[in-house]
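**Q** Protein chains in written order, with my numbering: chain A, 2 to 162; chain B, 1330 to 2279.
By construction, these hints were calculated from the structure, which means they are not laboratory data. Be careful, since some hints might not be right.
What the hints assert, rightly or not - Calculated pairs, DSS-like style, for lysine-lysine (alpha carbon to alpha carbon, straight line, at most 27 Å): (1) Lys-1696(B) - Lys-61(A); (2) Lys-1649(B) - Lys-46(A); (3) Lys-61(A) - Lys-1449(B); (4) Lys-1649(B) - Lys-1638(B); (5) Lys-19(A) - Lys-1877(B); (6) Lys-130(A) - Lys-1638(B); (7) Lys-19(A) - Lys-1409(B); (8) Lys-27(A) - Lys-1409(B); (9) Lys-1595(B) - Lys-1652(B); (10) Lys-1449(B) - Lys-1518(B); (11) Lys-129(A) - Lys-1518(B); (12) Lys-61(A) - Lys-1638(B); (13) Lys-1611(B) - Lys-130(A); (14) Lys-46(A) - Lys-1652(B); (15) Lys-1611(B) - Lys-14(A); (16) Lys-129(A) - Lys-1409(B).
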Amino acid sequence: MIHFVLLISRQGKVRLTKWYSPYSQKERSKVIRELSGMILTRGPKLSNFVEWRGFKVVYKRYASLYFCMCINQEDNELEILEIIHHFVEILDRYFGSVCELDLIFNFHKAYYILDEILIAGELQESSKKTVARLVSAQDSLVDAAKEEANSISNIIAQATK
Amino acid sequence: MGSQGGFGQSKEFLDLVKSIGEARSKSEEDRIVLHEIEMLKRRINEPDIPKRKMKEYIIRLVYIEMLGHDASFGYIHAVKMTHDDSLLLKRTGYLAVTLFLNEDHDLIILIVNTIQKDLKSDNYLVVCAALNAVCKLINEETIPAVIQQVVELLGHPKEGVRKKAVMALHSFYQRSPSSVNHLVSSFQKKLCDNDPGVMGATLFPLYDLITIDVNLYKDLVVSFVNILKQVAERRLPKSYDYHQTPAPFIQIKLLKILALLGSGDKRSSEHMYTVIGDIMRKSDTTSNIGNAILYECICCISSIQSSPKLLETAADAIAKFLKSDSHNLKYMGIDALGRLIRLSPEIAEQHQLAVIDCLEDPDDTLKRKTFELLYKMTKSSNVEVIVDRMIDYMISINDSHYKTETASRCVELAEQFAPSNHWFIQTMNKVFQHAGDLVNPKVAHNLMRLIAEGFGEDDDTADSQLRSSAVESYLQIVDQPKLPSAFLQVICWVLGEYGTADGKYSASYISGKLCDAAEAHSDDDIVKAYAVTALMKVYSFEKAAGRKFNLLPECQSLLEELSASHSSDLQQRAYEFQAILDLDANAIENIMPLDASCEDIEIDKSLSFLDSYVHKSLEEGAEPYIPEHERSGTLSISNMGNQNQYDTSSHSLRFEAYEVPKPVIPIGIPAPISYPTELVPLPEPSYQRDVQPIASLGPVSDAGSTGLKLRLDGVQKKWGKPTYSSAASSSTSNSDSHRTTVSGATQPDTVVSKSRESSSYDSSSRRQPHVEVSEEKQKLAASLFGGTSSRSEKKQSGGTAAGGGGHSKVSRVSNHTEEKVRPTTTVVQPPPPDLLDLAEPTGTMSSSSSVIDPFKQLEGLLDMSEDGITATPSNGPDLMSLYSENGQNLNQNTILNEKDDPSSENTTKRTASLTKGPSLKDALNKDALVRQMGVNPTSQNPNLFSDLLG
């Protein structure tokens, strides 16, 4: 099971956090501090895993962003590495060559996408196509709602003229 | 889609994100966020906020929370937002609450109703949003409120809903395993769902259920094997392929399930042989995902009742992992080796050099994993080398979690396989010095017991040698500064018990050391207590042996200090000490017999020796004793103090009975001084330690057990604390005080120790100096893997030694048995060709593209964009050229990537993304927009623009 997902920049800034196991706000900050200290300092040639408090943290660096997932001892690290890649590929498909800036400003969208990939700390969907379909269905709905809102506000604007 | 529409928020919010992005320090960031929190607090409570505005506020709260600040003031607004009718707002609300609230938060109760309503919605997106929330927020108590609806959703026409419903049930299992027990048949039905996504999701709850009771699901073995076969034969839709591998994540989950089902079941396992063999043969060892499946196959093989052929395949796969250049694969290889070694211990030998390389690897993760492997393959022939290495490593790590683990592993291995007493003591000393405060207190207890009882052989000389060597080593260690408390406790106890036993050291020398130890750790009451008790023993033994001695001045002053101590326990010990010094040799010999710590103590629970006294008192008119639980007046322990302080008349029964002996003991003056022969009542020390009982000598004085009560009263009054005496403590004291002829120390329960000082006691097992690398490695290899030994060799004496008494044996067994079931091995000395063979680098895996570091790949790319962006912020043509440059770089990258990604689909996708109009345009648009907003990154964050995938 995945206990949490962290996206940390090379400077140690938090870009996204998602907690599947209960952690208090205090613990969260501590976890982030500890892990960024451990992971950001690791050399490029080393393995993508670190053992931490009896768990294992699998991380992978994409450009200047580190994707980290914390898993149980008995989980398959290589699989998690591919789940990270799966997530990044879907982000890439969604944003069109995703870069860190996309995630900074659209963190809520990244959350929606993550919610379609992972649920309750497990991979719920391994088909990129299905994820893309669901996310776009939600987006189109949002767009529709926006148009509606715009047209209503237009009507109101015209009426109040 | 794309990000062009992504900046749907207000300028204000974008400014916030930007300023945080540019913050140069954590404190600056905190200041900005605190300011934002202040502002949001004000605004969010304004009346009539437009919904869209509110939505943005909620997202800003999410942002604040993500950055590690407390946004709890806005939780309620997020909860309210989930009630909204518009899906857009509802979705934001659900997102926020799933991020904000843990399953035990009070606000959850306000959401359950909404969730129930939304689960019934016609719009499947609403249902999906609600199910997402269900997975995170529904706790054990609220499961019954929604489970029925969730189960109904298993039949929903939309596969996305079915899948999420299944996952929600999986999350219910995690919270309350019994809640989904009855749903087995539903899950089985879902296993045949048309949609592979739903089928894949169903594996999670089934895995859960199978973990609870494997036997109920044996009939599913064939179905699982069939599914796995179909998946491996690419029967699933293409969209489930991942880098040319058919539905790897589903394969892995299925393999995990099969591993559970086949464990210890030959018949079930036989069904699996073919499919596992096929998958292993077909798996693509050049891609990461292929190796992930391969690893899972090995795990499965090591769990089920495997055929020799499969074991061989697994061993081959492990060999490939270990020979790989990738640290990831080496790590997996070591892990897999650790699993397989239980089944076929001989495979470790083929890989000895690879293992040793991993042991010396700079990558700490890999090193740790290798130690785990060594731990699993320890036997008495290699225990010295392995434990030595582990201790060296333990000293070097700072992480207390792993230090603890390594320390306890060292202890465990040492206890189990110790080749000699001397080595064992030295090893334990090292462990205690460096990690004493971290290891289980039981370990210290065991060590004391071991020294006291010897190794269980009927060989007194060996035992006394063991003790002498322990005493000798402790005398050297005890002066070191910063010893961990628990270690000092062991030292004090051993010095007290055996310091003068072999006549090598004089009592004054030992007691000097003990006084020093007590003085050096004046803030540690437990150590002082041990020290003073040890002193008492040393002097008692001297006096009992009829030798003349003088109390050292420092000992005298220590006693004076302690008799005025705030700790009642220390005070007690000091007075006991002084009392004992006044006794004659004969009495002392009875109280403190030499080396009697292992003798059984007989406890006369009925206190029969008091009969005459009780009888006499009754004759004199005292009221008979009524057991505490039969007394009506006394309510609880805490009442005691009050009773004492106020009046006794209301509880006449209790207090009249005690009045008779009152004048016998003056209140406030502890008994042992004035009445050395009476029972010494023992206050229960706060840290659960058995205190040295002093036996009653001769006829019981007329103080008896009633005196005990009174004295406690006196103690209470002295400190004005009513909490002191309790029924429990007095009854314990009773039984304690009636032990007869007890030597010192029944062993303390809690003892631990630690120190940073590295020990100068190299055990004889130290390895040879580094002469030549390969030779040294080979030697190490030989000492680790070589030598014939068998499981049955497992040190028997060690078992009985630390075990000693029956009850501790039990604890030991429970500690150590589980993982120690290794089959008997007949290890052959590795043939030299093997070593040579392994030393040669094998290139099979070196080209594995899965190890290409994305960072390296991007390096050139980053430089480009960095220069371009920082140099000319608003120059159109330059930007164009920048991006085309990027494009070229990307092109090269793609060529690189094609190795692991040769699918036409993927390549076209990638090339498309290079040449595709939208991408370039998108990028420019994005860039322009960002500039508009004024958020183009400064030099501090130059690579925000680089594509994550390169």
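**Q** Now tell me, hint by hint, if it's right for this structure.
**A** Verification of the supplied hints:
1. Lys-1696(B) - Lys-61(A): Judged against 27 Å, a Cα distance of about 20 Å means the pair holds.
2. Lys-1649(B) - Lys-46(A): holds (19 Å)
3. Lys-61(A) - Lys-1449(B): violated (40 Å)
4. Lys-1649(B) - Lys-1638(B): Within the cut-off at roughly 17 Å; holds.
5. Lys-19(A) - Lys-1877(B): violated (74 Å)
6. Lys-130(A) - Lys-1638(B): violated (39 Å)
7. Lys-19(A) - Lys-1409(B): Holds, because 22 Å separates the two Cα atoms, which is no more than 27 Å.
8. Lys-27(A) - Lys-1409(B): Cα-Cα ~25 Å, so holds.
9. Lys-1595(B) - Lys-1652(B): violated (32 Å)
10. Lys-1449(B) - Lys-1518(B): holds (22 Å)
11. Lys-129(A) - Lys-1518(B): holds (25 Å)
12. Lys-61(A) - Lys-1638(B): Roughly 36 Å between the alpha carbons, so the hint for Lys-61(A) and Lys-1638(B) is violated.
13. Lys-1611(B) - Lys-130(A): holds (25 Å)
14. Lys-46(A) - Lys-1652(B): With a Cα-Cα distance of about 16 Å, the restraint between Lys-46(A) and Lys-1652(B) holds, given a limit of 27 Å.
15. Lys-1611(B) - Lys-14(A): Violated. Lys-1611(B) to Lys-14(A) sits at ~42 Å, over the 27 Å cutoff.
16. Lys-129(A) - Lys-1409(B): violated (33 Å)
Of the numbered hints listed earlier, those contradicted by the structure are 3, 5, 6, 9, 12, 15, 16.
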